[in-house]
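Residue numbers (the working numbering), protein chains in the order written: chain X, 1 to 64; chain B, 65 to 335.
No lab work stands behind these hints: they were computed from the structure.
Don't take every hint at face value.
Straight-line distance between alpha carbons at most 30 Å, and here's what the computed DSS-like set of lysine-lysine pairs gives [as the list claims (entries may be wrong)]:
| hint | chain 1 | residue 1 | chain 2 | residue 2 |
| --- | --- | --- | --- | --- |
| 1 | B | K107 | X | K60 |
| 2 | B | K307 | B | K71 |
| 3 | X | K63 | B | K287 |
| 4 | X | K60 | B | K315 |
| 5 | X | K27 | B | K275 |
| 6 | B | K223 | B | K77 |
| 7 | B | K71 | X | K63 |
| 8 | X | K60 | B | K287 |
| 9 | B | K327 | X | K4 |
| 10 | X | K4 | B | K71 |
| 11 | B | K327 | X | K37 |
| 12 | X | K63 | B | K327 |
| 13 | B | K327 | B | K284 |
| 14 | B | K71 | B | K253 |
| 15 | X | K37 | B | K71 |
| 16 | B | K77 | X | K60 |
| 17 | X | K27 | B | K284 |
| 18 | B | K315 | B | K255 |
| 19 | X | K27 | B | K148 |
| 20 | B | K307 | B | K287 |
| 21 | X | K60 | B | K253 |
| 22 | B | K223 | B | K284 |
| 23 | B | K223 | B | K298 |
| 24 | B | K284 | X | K4 |
| 25 | B | K275 | B | K327 |
| 26 | X | K63 | X | K37 |
| 27 | B | K307 | X | K27 |
| 28 | X | K37 | B | K284 |
| 29 | X | K63 | B | K307 |
| 30 | B | K284 | X | K60 |
| 31 | X | K37 | B | K148 |
| 32 | X | K4 | B | K287 |
| 33 | B | K287 | X | K37 |
| 34 | B | K275 | B | K255 |
| 35 | B | K287 | X | K27 |
| 36 | B | K275 | B | K315 |
| 37 | X | K37 | X | K4 |
| 38 | X | K60 | B | K246 |
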Amino acid sequence: MSAKAEIEIIEAYCKGCSICVEFCPTKVLEMDAFVVKVANADACIACNQCELRCPDFAIKVHKL
Amino acid sequence: MAYDYEKSIRPGKLPHIWCPGCGHGIVMKGLIRAMDACGLEKKNTAIVSGIGCASRMPGYLDFNTLHTAHGRAAAFATGIKMAKPEMTVICCGGDGDGAAIGGNHFIHACRRNIDMTYVLMNNYIYGMTGGQFSSSTPTGHLASTTPYGNPDPCFDLAKLAIGAGATFVARTTAFHANQIDKLIAEGIKHKGMAIIEVLDDCPTTYGRRNKFRSVVDMMKRLKEIAVPVTAAAKMTPEQLEGKTLTGVLHKEDRPEYCESYAKIIARVQGA
Ligand SMILES: Cc1ncc(C[n+]2csc(CCOP(=O)(O)OP(=O)(O)O)c2C)c(N)n1
Ligand code: SF4
Ligand code: SF4
Ligand code: SF4
């Protein structure tokens, strides 16, 4: 499977709440200490759920 | 290209002050998308708040903004709308600010049906001051001032708004992020008082005390309790136990306050 979007994380804004990790339908994201990271980029279906629910403006979903 | 929120935010203001996982950030993103979808121009838009964590919102938004006294957003917003009826006026704030301390201003703005949109973030608590119970803390729940459980019944804020006369009333939750902008946009387009209640989470002063292990647990609860009004029509009272209706709960046409006021002025001056 190839990624449908490129996920940009703005680490300086991320507060590590893990909302994006929990509700990503294809488990693209993972917590790394207190900041989120892209762990499984190819699985992204570009659904935008992570960006919509990130309270901290820390995720951008760039559709490919 | 990803959605550009930062064009609507004052330069250098991010990261914001809210705690990790606080839903106010999700609501602010929804408000930005809604104003964008309605094509609002910065110079013709005023965003007004009272005091509280939720009420910090206008400080981030690059529009005409007013951070007023506790509970008084609706009162100051009424002044703006009366002086400049051509402006789009939006209030935002918490349940403590809008419906407890400012409850009187809130109900009378609803009664007047003045043309504004009020985004009411209901996180069931006074967050900023450390978690005292508000008029929307559920019965039995824990707050710093109800350590043995809240004995008071709580307001259903959407019902309160409908009863007080608001002509557009909708509800959603911070979990349902893609509904927040749609309902706010509908509220902005509605002529008259539009109330959008967003059930929100305060992990720091409410979640912790009420045995939510994490922000994610609070989000899951918001997901579980929400039932769209359309689906509720086909459900039994037992199935609806503990649920909260979401979507557009009320919509009616009634004369708008600024227009009624202008008509009186025209009549009296013409006489
Ligand atoms: C007249 C007055 N009374 C009390 C306060 C203290 N105070 C500041 S914020 C706040 C509660 C705000 O709660 P809410 O509106 O629910 O917003 P949240 O912080 O939960 O987002 C209180 C009681 C104040 N600033 N002014
Ligand atoms: S866009 Fe959807 S699939 Fe991709 S990371 Fe975000 S939530 Fe996961
Ligand atoms: S939702 Fe936002 S703030 Fe929370 S962990 Fe994900 S990127 Fe970080
Ligand atoms: S105290 Fe509660 S309402 Fe205030 S910023 Fe923190 S989580 Fe949000």
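To see whether the hints hold, each was checked on the structure:
A C-alpha spacing of about 28 Å is found between K107/B and K60/X, which places the hinted pair at or below 30 Å, so the restraint holds. Of the supplied pair hints, the one linking K307/B and K71/B is violated, its CA atoms being roughly 37 Å apart against a limit of 30 Å. For the suggested pair K63/X and K287/B, the alpha carbons sit about 26 Å apart, so the restraint of at most 30 Å is met. Of the pairs offered as hints, the one joining K60/X and K315/B is violated, with about 35 Å between alpha carbons and a cut-off of 30 Å exceeded.
Our distance criterion of 30 Å between C-alpha atoms is met by K27/X and K275/B, whose separation comes to about 26 Å. Pair hint K223/B plus K77/B does not hold up; C-alpha atoms about 35 Å apart against a cutoff of 30 Å. Straight-line distance between C-alpha atoms of K71/B and K63/X comes to about 19 Å, which keeps the hinted pair within the 30 Å bound. Between K60/X and K287/B the alpha-carbon distance is near 23 Å, which keeps this suggested pair within the 30 Å criterion.
For the suggested pair K327/B and K4/X, the alpha carbons sit about 56 Å apart, so the restraint of at most 30 Å is broken. Taking the CA atoms of K4/X and K71/B, the gap is about 25 Å. The hint holds against a cut of 30 Å. For the proposed pair K327/B and K37/X, the alpha carbon gap of about 59 Å is over 30 Å, so the pair is violated. About 51 Å separates the Cα atoms of K63/X and K327/B, which puts this hinted pair outside 30 Å; it is violated.
The straight-line distance between the Cα atoms of K327/B and K284/B is roughly 49 Å, outside the 30 Å bound, and the hint therefore fails. Of the supplied pair hints, the one linking K71/B and K253/B holds, its CA atoms being roughly 22 Å apart against a limit of 30 Å. Pair hint K37/X plus K71/B holds up; C-alpha atoms about 25 Å apart against a cutoff of 30 Å. For the hint linking K77/B to K60/X, the alpha-carbon distance of about 18 Å falls within 30 Å, and the restraint holds.
At roughly 17 Å between alpha-carbon atoms, K27/X and K284/B fall within 30 Å of each other, so this suggested pair holds. Restraint check for K315/B and K255/B: the C-alpha separation of about 10 Å stays at or below 30 Å, so the hint holds. With a C-alpha separation of about 49 Å, the suggested pairing of K27/X with K148/B is violated against the 30 Å cut-off. For the hint pairing K307/B with K287/B, the CA-to-CA distance comes to about 10 Å; that is within 30 Å, so the pair holds.
This hinted pair checks out: K60/X and K253/B have alpha carbons roughly 28 Å apart, not beyond 30 Å. Annotation: proposed proximity of K223/B to K284/B holds, straight-line Cα distance about 24 Å (limit 30 Å). The suggested pairing of K223/B with K298/B holds, with an alpha-carbon distance near 20 Å, which does not exceed 30 Å. For the hint pairing K284/B with K4/X, the CA-to-CA distance comes to about 26 Å; that is within 30 Å, so the pair holds.
A distance of roughly 54 Å separates the Cα atoms of K275/B and K327/B; the hinted pair therefore is violated under the 30 Å criterion. Restraint check: the Cα-Cα separation between K63/X and K37/X comes to about 18 Å, which is no more than 30 Å; the hinted pair holds. With a CA separation close to 29 Å, the supplied pair K307/B and K27/X stays within the 30 Å bound. This hinted pair checks out: K37/X and K284/B have alpha carbons roughly 22 Å apart, not beyond 30 Å.
Taken as a hint, the K63/X and K307/B pair is broken in the structure, with Cα atoms around 36 Å apart against an allowance of 30 Å. Under the criterion of a C-alpha separation no larger than 30 Å, the hint pairing K284/B with K60/X is consistent with the structure, at around 23 Å. Among the hinted pairs, K37/X with K148/B is inconsistent with the structure: their alpha-carbon atoms are about 47 Å apart, more than 30 Å. Restraint check: the Cα-Cα separation between K4/X and K287/B comes to about 26 Å, which is no more than 30 Å; the hinted pair holds.
Between K287/B and K37/X the CA atoms are separated by roughly 25 Å; this keeps the pair inside 30 Å, and the hint holds. Our distance criterion of 30 Å between C-alpha atoms is broken by K275/B and K255/B, whose separation comes to about 42 Å. As the CA atoms of K287/B and K27/X are separated by approximately 19 Å, the hinted pair is consistent with the 30 Å bound. Simply put, K275/B and K315/B have alpha-carbon atoms about 37 Å apart, too far for the 30 Å limit, and the pair is violated.
Distance restraint check for K37/X and K4/X: the Cα-Cα separation of roughly 17 Å lies within the 30 Å cut-off, and the hinted pair is therefore satisfied. At roughly 20 Å between alpha-carbon atoms, K60/X and K246/B fall within 30 Å of each other, so this suggested pair holds.
Comparing the model with each earlier hint shows violations of hints 2, 4, 6, 9, 11, 12, 13, 19, 25, 29, 31, 34 and 36; every other hint is respected.
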